[in-house]
Amino acid sequence: MFEKLIEKGLEKSAWLYHLNTGSCNGCDIELVSVITPRYDAERFGFKIAGSPRHADIIVVSGPITSQSKDRLIRTLAQVPDPKVVVSLGSCPRSCNVFSGSYCVEGPLDKYAPIDVSIAGCPPKPEAIMAGLVRAVEILKEKRRAMK
Amino acid sequence: MKFPYLKEAVKSLFSKPSTENFPKEVKEAPEGYRGKIAFYPEKCVNCGMCIRVCAPGAITRTIEKVEEGDKITFQFYMGQCTFCQLCQDFCARKAIELTKDYLMIAEDEEELMVRGTFIKKHHLNHLYHLQSQLLLL
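Note that the protein sequences, when read in sequence, are chains H and L.
Residue numbers for the first sequence, in our numbering: 1 to 147.
Residue numbers for the second sequence, in our numbering: 148 to 284.
Chain H on its own, in the form it takes in the complex (with noise of 0.2 Å):
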């Protein structure tokens, strides 16, 4: 009986970490919108976790500089495993205008395997509470995959 009760409650409430990879700010600013009261994501469950060792969710923004893609294959390490990574808006899916630059190391699929990819430059925030929406769908599967 309890376990149902935990199992919903995990549905309900995904937490997110926010990974910035050498983003331009623009995303950033989008997705701390999405927690405003205008928009409100969490009245979703979403909450932004401060550890990577807590979150479910991790949306990467930012195509992969040489400086940060040590540091993102360490955090992506560092989630516990139904997780689902998110890619904000055009960067980690591409690269965008920085691909081909000497400092640049994404895109994103080389490291981790992109579920929901949020298409914009900036999406916005309708469009990330979409995408966010449609993670937690995949995460809810994952989830049943791995019982």
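Source of the hints: derived by calculation from the structure; they are not laboratory data.
There may be inaccurate statements among the hints.
[To be verified] Simulated pairs of lysine-lysine, DSS-like, Cα-Cα distance not exceeding 30 Å:
{"no.": "1", "chain 1": "L", "residue 1": "Lys267", "chain 2": "L", "residue 2": "Lys183"}
{"no.": "2", "chain 1": "H", "residue 1": "Lys140", "chain 2": "L", "residue 2": "Lys171"}
{"no.": "3", "chain 1": "L", "residue 1": "Lys158", "chain 2": "L", "residue 2": "Lys171"}
{"no.": "4", "chain 1": "H", "residue 1": "Lys8", "chain 2": "L", "residue 2": "Lys171"}
{"no.": "5", "chain 1": "L", "residue 1": "Lys241", "chain 2": "L", "residue 2": "Lys218"}
{"no.": "6", "chain 1": "L", "residue 1": "Lys190", "chain 2": "L", "residue 2": "Lys247"}
{"no.": "7", "chain 1": "L", "residue 1": "Lys171", "chain 2": "L", "residue 2": "Lys218"}
{"no.": "8", "chain 1": "L", "residue 1": "Lys183", "chain 2": "H", "residue 2": "Lys110"}
{"no.": "9", "chain 1": "L", "residue 1": "Lys183", "chain 2": "H", "residue 2": "Lys47"}
{"no.": "10", "chain 1": "H", "residue 1": "Lys47", "chain 2": "H", "residue 2": "Lys110"}
{"no.": "11", "chain 1": "H", "residue 1": "Lys110", "chain 2": "H", "residue 2": "Lys69"}
{"no.": "12", "chain 1": "H", "residue 1": "Lys140", "chain 2": "L", "residue 2": "Lys174"}
{"no.": "13", "chain 1": "H", "residue 1": "Lys47", "chain 2": "L", "residue 2": "Lys218"}
{"no.": "14", "chain 1": "L", "residue 1": "Lys190", "chain 2": "L", "residue 2": "Lys267"}
{"no.": "15", "chain 1": "H", "residue 1": "Lys140", "chain 2": "H", "residue 2": "Lys12"}
{"no.": "16", "chain 1": "L", "residue 1": "Lys183", "chain 2": "H", "residue 2": "Lys83"}
{"no.": "17", "chain 1": "H", "residue 1": "Lys12", "chain 2": "L", "residue 2": "Lys218"}
{"no.": "18", "chain 1": "H", "residue 1": "Lys83", "chain 2": "H", "residue 2": "Lys110"}
{"no.": "19", "chain 1": "H", "residue 1": "Lys47", "chain 2": "L", "residue 2": "Lys163"}
{"no.": "20", "chain 1": "L", "residue 1": "Lys183", "chain 2": "L", "residue 2": "Lys241"}
{"no.": "21", "chain 1": "L", "residue 1": "Lys171", "chain 2": "H", "residue 2": "Lys4"}
{"no.": "22", "chain 1": "L", "residue 1": "Lys174", "chain 2": "L", "residue 2": "Lys247"}
{"no.": "23", "chain 1": "L", "residue 1": "Lys171", "chain 2": "L", "residue 2": "Lys247"}
{"no.": "24", "chain 1": "H", "residue 1": "Lys47", "chain 2": "L", "residue 2": "Lys174"}
{"no.": "25", "chain 1": "L", "residue 1": "Lys171", "chain 2": "H", "residue 2": "Lys12"}
{"no.": "26", "chain 1": "L", "residue 1": "Lys163", "chain 2": "H", "residue 2": "Lys12"}
{"no.": "27", "chain 1": "H", "residue 1": "Lys83", "chain 2": "L", "residue 2": "Lys171"}
{"no.": "28", "chain 1": "L", "residue 1": "Lys171", "chain 2": "H", "residue 2": "Lys142"}
{"no.": "29", "chain 1": "L", "residue 1": "Lys267", "chain 2": "L", "residue 2": "Lys218"}
{"no.": "30", "chain 1": "H", "residue 1": "Lys12", "chain 2": "H", "residue 2": "Lys83"}
[As the list claims (entries may be wrong)] Quick partial rundown of chain L residues pointing at chain H, CB under 10 Å, derived from the structure:
{"no.": "31", "residue": "Thr166"}
{"no.": "32", "residue": "Gly204"}
{"no.": "33", "residue": "Tyr249"}
C-beta atoms are modelled at their ideal positions from N, C-alpha and C, and glycine is treated no differently.
Given the coordinates of chain H, assemble chain L onto it according to the supplied hints.
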């Protein structure tokens, strides 16, 4: 005694919440918003200006030879686009348009592709030349 925010407090007791009811009411983007690209292949003349002007290189073109002419496919990859609208501004035939559609959520690359195919006939010019000669006769 002063209650500095009393008026505001009473007002907000009877007003609607400021939170937007997002998944139920999807708001339209404002005028001039640059969202997902729409491509009209019937208007395109294959000048390639959009490819030259695109900073991230999100536009690619493949040309296949078929019987009637060249089968040309334009691909716009929304996962690499900066939504700067330069391709729309430089398109002489207005074949590219940035729509107000902003909900671009995908699980794989294929969902973020916008494609358009058309056939450019190569002996059209030749036919025109023949016709003008006939008219002269």
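Results of checking the hints against the structure:
Straight-line distance between C-alpha atoms of Lys267(L) and Lys183(L) comes to about 26 Å, which keeps the hinted pair within the 30 Å bound. For the given pair, Lys140(H) sits about 22 Å from Lys171(L) by alpha-carbon distance, which is consistent with the 30 Å threshold. Using a Cα cut-off of 30 Å, the hinted pair Lys158(L) and Lys171(L) holds, with the two alpha carbons roughly 26 Å apart. Among the hinted pairs, Lys8(H) with Lys171(L) is consistent with the structure: their alpha-carbon atoms are about 23 Å apart, no more than 30 Å.
In summary, the hint linking Lys241(L) to Lys218(L) is supported, as the alpha carbons are separated by about 20 Å, within the 30 Å threshold. Only pairs whose Cα atoms come within 30 Å are accepted, and Lys190(L) paired with Lys247(L) is accepted, the gap being roughly 20 Å. Annotation: proposed proximity of Lys171(L) to Lys218(L) is violated, straight-line Cα distance about 42 Å (limit 30 Å). Distance hint between Lys183(L) and Lys110(H) is fulfilled; the C-alpha atoms sit about 26 Å from each other, no more than 30 Å.
For the given pair, Lys183(L) sits about 29 Å from Lys47(H) by alpha-carbon distance, which is consistent with the 30 Å threshold. Distance check on the hinted pair: Lys47(H) and Lys110(H) sit about 27 Å apart at the alpha-carbon level, within 30 Å; holds. Taken as a hint, the Lys110(H) and Lys69(H) pair is honoured in the structure, with Cα atoms around 11 Å apart against an allowance of 30 Å. Simply put, Lys140(H) and Lys174(L) have alpha-carbon atoms about 28 Å apart, close enough for the 30 Å limit, and the pair holds.
For the suggested pair Lys47(H) and Lys218(L), the alpha carbons sit about 50 Å apart, so the restraint of at most 30 Å is broken. Only pairs whose Cα atoms come within 30 Å are accepted, and Lys190(L) paired with Lys267(L) is accepted, the gap being roughly 11 Å. Proposed proximity of Lys140(H) and Lys12(H) is supported: the alpha carbons are some 10 Å apart, at most 30 Å. A distance of roughly 29 Å separates the Cα atoms of Lys183(L) and Lys83(H); the hinted pair therefore holds under the 30 Å criterion.
Proposed proximity of Lys12(H) and Lys218(L) is contradicted: the alpha carbons are some 50 Å apart, above 30 Å. Proximity of Lys83(H) to Lys110(H) is assessed by CA-CA distance (about 17 Å); at most 30 Å being required, the pair is judged to hold. Our distance criterion of 30 Å between C-alpha atoms is met by Lys47(H) and Lys163(L), whose separation comes to about 24 Å. Our distance criterion of 30 Å between C-alpha atoms is met by Lys183(L) and Lys241(L), whose separation comes to about 15 Å.
Taking the CA atoms of Lys171(L) and Lys4(H), the gap is about 28 Å. The hint holds against a cut of 30 Å. Distance restraint check for Lys174(L) and Lys247(L): the Cα-Cα separation of roughly 11 Å lies within the 30 Å cut-off, and the hinted pair is therefore satisfied. A distance of roughly 18 Å separates the Cα atoms of Lys171(L) and Lys247(L); the hinted pair therefore holds under the 30 Å criterion. Simply put, Lys47(H) and Lys174(L) have alpha-carbon atoms about 24 Å apart, close enough for the 30 Å limit, and the pair holds.
For the proposed pair Lys171(L) and Lys12(H), the alpha carbon gap of about 18 Å is at most 30 Å, so the pair holds. Taking the CA atoms of Lys163(L) and Lys12(H), the gap is near 25 Å; set against the 30 Å cutoff, the hint holds. As the CA atoms of Lys83(H) and Lys171(L) are separated by approximately 27 Å, the hinted pair is consistent with the 30 Å bound. Note on Lys171(L) and Lys142(H): the hinted pairing holds, with a Cα-Cα distance of about 26 Å set against a maximum of 30 Å.
A hinted pair counts as satisfied when its Cα atoms are at most 30 Å apart, and Lys267(L) with Lys218(L) qualifies at roughly 6 Å. A distance of roughly 15 Å separates the Cα atoms of Lys12(H) and Lys83(H); the hinted pair therefore holds under the 30 Å criterion. Look at Thr166(L): its Cβ gets to within about 5 Å of chain H, closer than 10 Å, so that hint holds up. The beta carbon of Gly204(L) is positioned within 10 Å of a beta carbon in chain H (closest approach about 7 Å), and the interface hint is therefore held.
A least Cβ separation of about 5 Å between Tyr249(L) and chain H falls short of the 10 Å threshold, and the interface hint therefore holds.
Going through the hint list in order, the structure does not satisfy hints 7, 13, 17.
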